[in-house]
Amino acid sequence: MPPRSPFKVAAVGLIALLASCDGEVFGGLSGGSTGPRADLIAPAPIRPINFAALVKPSPFALRAMSNREYLASVSDLIGVELPLSLIQPWTPTPQYSGFDAIGWANFDTKLVRDRLTTIEPILAAALTSTKVMTCIAASPSQLEYSVCAQSIVTRLAERAFRRPLAAAELALLKKAYDDGVALARGNFSTDNELLGEGVRAALSTVFLAPQFMVKAELAPAPGFVGDRDLTPYELASRLSFFLTNSVPDDELWAAAKDGSLSSPDVLARHAERLLTAHPDRFVENFVGQWFGFRELATATDPLEQAMFQESRLTLREILASDLPANTIVNPRFTYLNQRLATHYGVPGAFTTAFQRVASAERGGILAQASVLKLTSNSTAETSPIRRGRWVQERLLCKAIPLPPPELAALISASSMSIPATATVKERLQMHHNAGPACNGCHQYMDPIGLGLEGFDPLGKKRTVYPDGRRVETDSVMFGSPFAGFEGLNELLAGMPDVQRCAGEKLAVHALGRVIGNTGADRDLVSSLTTSESGDPMSFRQIVVRLVRSTAFRKISHLEATP
Amino acid sequence: MSHSRRRVLRWLGISLAMPMLESTLGGNNARANGAASKKRFIGCFFPSGVADMVNGANGDWTYNGALKVLADRGLKDNVLVTRGFRAQHKYDIHWDATAGFLSCNEVGSWQINAPDIHAGERCGKTFDQYIADLEQTRVRSLHAGWHTVPGWDAAHDSVISIRYVNSISWKDERGPIQNTQNPQDMFTQVFGDGTSVADPHIQYLLNRRKSVLDGVVGELRSFRGTISSADRPKMDAYETGIREVEAELTAKMQANTCSAGAIAAADPENYQASLRSMQKIVVRALQCNISRAATIMYHEGIGDNSIDVTAPQAQHTYAHGDWEKLKICNRIQVGLWAELLVDLKAAGLLEETVVLLGSNMSDGKQHDGRNVPLLIASAGPELRLGEEVSVSPDASDETKNRNMADMYVDLFPLFGIAKSSFGEGEYGSTGRPSTLLKP
Numbered sequence: 064m065p066p067r068s069p070f071k072v073a074a075v076g077l078i079a080l081l082a083s084c085d086g087e088v089f090g091g092l093s094g095g096s097t098g099p100r101a102d103l104i105a106p107a108p109i110r111p112i113n114f115a116a117l118v119k120p121s122p123f124a125l126r127a128m129s130n131r132e133y134l135a136s137v138s139d140l141i142g143v144e145l146p147l148s149l150i151q152p153w154t155p156t157p158q159y160s161g162f163d164a165i166g167w168a169n170f171d172t173k174l175v176r177d178r179l180t181t182i183e184p185i186l187a188a189a190l191t192s193t194k195v196m197t198c199i200a201a202s203p204s205q206l207e208y209s210v211c212a213q214s215i216v217t218r219l220a221e222r223a224f225r226r227p228l229a230a231a232e233l234a235l236l237k238k239a240y241d242d243g244v245a246l247a248r249g250n251f252s253t254d255n256e257l258l259g260e261g262v263r264a265a266l267s268t269v270f271l272a273p274q275f276m277v278k279a280e281l282a283p284a285p286g287f288v289g290d291r292d293l294t295p296y297e298l299a300s301r302l303s304f305f306l307t308n309s310v311p312d313d314e315l316w317a318a319a320k321d322g323s324l325s326s327p328d329v330l331a332r333h334a335e336r337l338l339t340a341h342p343d344r345f346v347e348n349f350v351g352q353w354f355g356f357r358e359l360a361t362a363t364d365p366l367e368q369a370m371f372q373e374s375r376l377t378l379r380e381i382l383a384s385d386l387p388a389n390t391i392v393n394p395r396f397t398y399l400n401q402r403l404a405t406h407y408g409v410p411g412a413f414t415t416a417f418q419r420v421a422s423a424e425r426g427g428i429l430a431q432a433s434v435l436k437l438t439s440n441s442t443a444e445t446s447p448i449r450r451g452r453w454v455q456e457r458l459l460c461k462a463i464p465l466p467p468p469e470l471a472a473l474i475s476a477s478s479m480s481i482p483a484t485a486t487v488k489e490r491l492q493m494h495h496n497a498g499p500a501c502n503g504c505h506q507y508m509d510p511i512g513l514g515l516e517g518f519d520p521l522g523k524k525r526t527v528y529p530d531g532r533r534v535e536t537d538s539v540m541f542g543s544p545f546a547g548f549e550g551l552n553e554l555l556a557g558m559p560d561v562q563r564c565a566g567e568k569l570a571v572h573a574l575g576r577v578i579g580n581t582g583a584d585r586d587l588v589s590s591l592t593t594s595e596s597g598d599p600m601s602f603r604q605i606v607v608r609l610v611r612s613t614a615f616r617k618i619s620h621l622e623a624t625p
Numbered sequence: 015m016s017h018s019r020r021r022v023l024r025w026l027g028i029s030l031a032m033p034m035l036e037s038t039l040g041g042n043n044a045r046a047n048g049a050a051s052k053k054r055f056i057g058c059f060f061p062s063g064v065a066d067m068v069n070g071a072n073g074d075w076t077y078n079g080a081l082k083v084l085a086d087r088g089l090k091d092n093v094l095v096t097r098g099f100r101a102q103h104k105y106d107i108h109w110d111a112t113a114g115f116l117s118c119n120e121v122g123s124w125q126i127n128a129p130d131i132h133a134g135e136r137c138g139k140t141f142d143q144y145i146a147d148l149e150q151t152r153v154r155s156l157h158a159g160w161h162t163v164p165g166w167d168a169a170h171d172s173v174i175s176i177r178y179v180n181s182i183s184w185k186d187e188r189g190p191i192q193n194t195q196n197p198q199d200m201f202t203q204v205f206g207d208g209t210s211v212a213d214p215h216i217q218y219l220l221n222r223r224k225s226v227l228d229g230v231v232g233e234l235r236s237f238r239g240t241i242s243s244a245d246r247p248k249m250d251a252y253e254t255g256i257r258e259v260e261a262e263l264t265a266k267m268q269a270n271t272c273s274a275g276a277i278a279a280a281d282p283e284n285y286q287a288s289l290r291s292m293q294k295i296v297v298r299a300l301q302c303n304i305s306r307a308a309t310i311m312y313h314e315g316i317g318d319n320s321i322d323v324t325a326p327q328a329q330h331t332y333a334h335g336d337w338e339k340l341k342i343c344n345r346i347q348v349g350l351w352a353e354l355l356v357d358l359k360a361a362g363l364l365e366e367t368v369v370l371l372g373s374n375m376s377d378g379k380q381h382d383g384r385n386v387p388l389l390i391a392s393a394g395p396e397l398r399l400g401e402e403v404s405v406s407p408d409a410s411d412e413t414k415n416r417n418m419a420d421m422y423v424d425l426f427p428l429f430g431i432a433k434s435s436f437g438e439g440e441y442g443s444t445g446r447p448s449t450l451l452k453p
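Residue numbers (my numbering), protein chains in the order written: chain A, 64 to 625; chain B, 15 to 453.
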């Protein structure tokens, strides 16, 4: 038996997460599965908040930077905004529930290969950046490493490696520079060209080195086992990737260097500063991954671009105004431009610029065209199942398992048996008729999807399908009947699960791992999302609690296998 | 310097999807001693099965039917028709048996897939990649295909990697190899784009790249010393990646002496012309020893791309309902395969090459895996060429059908590869001889 990839090992953890639909995961959601559940819409119980007692540090794991983290980090390091198109040839970063680079899956032999395909344009940008090239070589003596190149190379390398450099690393950078210059002699004539070739060689090794590309909070000594505080440098790195998708900025680096970041208060202040200074980075990378609309960021189609902007601007205001996190379900405002207003059929004078519009109908995450589009099968067809599953997984953080292999034949036979004349509701009824094997899970997806059928694949409202049939959106969720989308949305807005889910997703993004729903992970999410007053908390408040928590500030080094 | 940076960069960056050399990592497939009679391999695939092979019958898969073109082109003595292998599948046959064709591996199962896709993708190293391991060639392996399917649209399958239907070759369990769909790309891969490696500036750029890789290995070693033994295999993958690229650079620094001759890159939108052109490039690449292994995917079996005006809908649609149209598709694809064999013969390569043609299902309408169509072509005394060989006492009984893995295990020694098992679990080899070899 060949050695298994890390994927297989980590998958075991995932199986635990994906309990069957009649198992514990859904125990709290479904109850006895008949009759309305009062606790579904009741506020979450208030629990004492004691981070140290409730929450454990996360285990150590090596993680490669995601494609986007790599691009943003290189851009910040060289002071040149590199285009997203650069990462197109790379293998897509594996995702878990929308989030990039959960540790187990993104490590293989393609990593270096992918980065090599784009190293030349990156170096070309670096070598012409005034932020990088802070000195020149005007004479042969200035080619000496210590005269000019060293300051260029080591400044960039330590910021790239996010810590002071080891002596061996410093020596390797000098060697790379010297080798680069030696190789270039005969091919280039001026001293400054030779300097450039030497710097190019040294920076190549920086941008391709695992010290840069791999996020690792290493054990302080060989054989170290147990929990420890993260160093100020490690905290800076965690915080900046969490909130800005990139390496630490100057202020954070300074706070790491002087050690002050070890104080939870200082760390929390930097978290608030980064959220204020770079709200778009947080919105695009955190909320954009959570709800998937990040993938429309580069859309060239004006409508798709408008969909992205609506989501971005709405979430940005929720963040900036410190509104409760569950406001995302129904903020009662949105942002529209002419293109999107026309698309939605909203009357009024609009321009190409986006403006804030008070609206009870639009703005909520399930009424945004970006989400409605991304959860449809195609631009011609919605999928109530897909949308229902999406709401459970993304908005309520309830994992719905895939059908077990044994059902493949049943699914195939049932699909074939549906008459072509069946309505959407009748088609979904098939899951119910097929008995618990199908209905066990579909009862949690289909009704939600049906409530969203009043939106076409591009998020326009509709009352009839293209074939002239009437759209039916009334249904029953968890025993509670609801009338159309408004009824569904109201039900969802009252569910404490939305607030908890915001906390869970923030923890997934910050810690780079799957957050379970039992034990310390469950307590972590409770502690993040339960306020003293009982009022729902804002993203900013949850972020601050999270960065102050043991889970964020400590790490657990498990026993190394021999 | 007359070279545009862009062109040189493209040249440095071409064929970047090349897989790892298992032989450099040890493993259980060390080459056997003794002379190998076979050197090259081409695995060919068509989707959605054949007309009328209902319940394990032979249906249209006879020399009176879809295979007639092979008899017409005088290839009967070079072809072994197998009976009684199954397209093993635990999950949906479309993708499970496509990914399993050359790998005999179970794909990443439904339960261990993450809710969102790419994370759970898993198959296994395919037969062609073991042949590619035999020698470090200029281009590790070639992979021709028609269109790809962009994504799933059904609720259940939408969480399964679409790459299971878009690739038949996997460099390892996590690495599906994308097909080349534009003949021009394969042409450039094999014959180059006219850039001269004798040019000192190009030599400098190549040396510069190699020097950088050395520097990265240095940093890597320094880093490796600081991590726990449990995490070191991850760093090994990192180093393997660097070493692969280095080996490719070395290969590129050797001048390309293989000329394209009359071979031209055809219009990628013209189904037959495009595949025919890529087949000719493959044969030439094998002849020049630019590659040892190739795969050809005549269609992916899910997408709605029509292969001919006389069969304007998707091959998969015809499999479900229209035997006559499915027969047209089968005849075109077996016809292309016959041309490949004729070309190999003309190039004097058939004796040292093993060529397969198979599908992911047998009967189109039933979508089942019993008695899957599977042909082996070559020349020489080892295989029972010219015969129809039944490997199962009852082709209609899937439980009595044989795994294709047993065939691959019998093929390995012909290539001088000592490997006594192939594939895994229910898909894997059983240790019983396939009976396809002459006694």
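Keep in mind the hints are simulated off the structure, nothing from the lab.
Hints should not be assumed to be uniformly reliable.
Claimed, not checked - Straight-line distance between alpha carbons at most 30 Å, and here's what the computed DSBU-like set of lysine-lysine pairs gives:
#, chain 1, residue 1, chain 2, residue 2
1, B, LYS379, B, LYS53
2, A, LYS238, A, LYS461
3, A, LYS194, B, LYS224
4, A, LYS488, B, LYS452
5, A, LYS523, A, LYS119
6, A, LYS320, A, LYS278
7, B, LYS359, B, LYS379
8, A, LYS488, A, LYS523
9, B, LYS359, B, LYS224
10, B, LYS82, B, LYS433
11, B, LYS359, B, LYS104
12, A, LYS278, B, LYS90
13, A, LYS238, B, LYS224
14, A, LYS238, A, LYS194
15, A, LYS237, B, LYS379
16, B, LYS359, B, LYS414
17, A, LYS461, B, LYS452
18, A, LYS237, A, LYS194
Since we're looking at a predicted model, the values are computed, not measured.
Taking the hints in turn, this is what the structure says about them:
Between LYS379 of chain B and LYS53 of chain B the CA atoms are separated by roughly 38 Å; this puts the pair beyond 30 Å, and the hint is violated. Between LYS238 of chain A and LYS461 of chain A, the direct Cα distance comes to roughly 53 Å. Violation of the 30 Å bound is thereby established for this hinted pair. Pair hint LYS194 of chain A plus LYS224 of chain B holds up; C-alpha atoms about 27 Å apart against a cutoff of 30 Å. With a C-alpha separation of about 60 Å, the suggested pairing of LYS488 of chain A with LYS452 of chain B is violated against the 30 Å cut-off.
Of the pairs offered as hints, the one joining LYS523 of chain A and LYS119 of chain A is violated, with about 45 Å between alpha carbons and a cut-off of 30 Å exceeded. For the suggested pair LYS320 of chain A and LYS278 of chain A, the alpha carbons sit about 19 Å apart, so the restraint of at most 30 Å is met. Pair hint LYS359 of chain B plus LYS379 of chain B does not hold up; C-alpha atoms about 35 Å apart against a cutoff of 30 Å. This hinted pair checks out: LYS488 of chain A and LYS523 of chain A have alpha carbons roughly 20 Å apart, not beyond 30 Å.
Restraint check for LYS359 of chain B and LYS224 of chain B: not satisfied, since their Cα atoms lie roughly 40 Å apart, outside the 30 Å limit. Of the supplied pair hints, the one linking LYS82 of chain B and LYS433 of chain B is violated, its CA atoms being roughly 35 Å apart against a limit of 30 Å. The hinted pair formed by LYS359 of chain B and LYS104 of chain B fails the criterion: a straight-line CA distance of about 38 Å is larger than 30 Å. Restraint check for LYS278 of chain A and LYS90 of chain B: not satisfied, since their Cα atoms lie roughly 59 Å apart, outside the 30 Å limit.
For the hint pairing LYS238 of chain A with LYS224 of chain B, the CA-to-CA distance comes to about 14 Å; that is within 30 Å, so the pair holds. Between LYS238 of chain A and LYS194 of chain A the alpha-carbon distance is near 23 Å, which keeps this suggested pair within the 30 Å criterion. For the hint linking LYS237 of chain A to LYS379 of chain B, the alpha-carbon distance of about 67 Å lies beyond 30 Å, and the restraint is violated. Proximity of LYS359 of chain B to LYS414 of chain B is assessed by CA-CA distance (about 35 Å); at most 30 Å being required, the pair is judged violated.
Restraint check for LYS461 of chain A and LYS452 of chain B: not satisfied, since their Cα atoms lie roughly 58 Å apart, outside the 30 Å limit. Between LYS237 of chain A and LYS194 of chain A, the direct Cα distance comes to roughly 20 Å. Compliance with the 30 Å bound is thereby established for this hinted pair.
Going through the hint list in order, the structure does not satisfy hints 1, 2, 4, 5, 7, 9, 10, 11, 12, 15, 16, 17.
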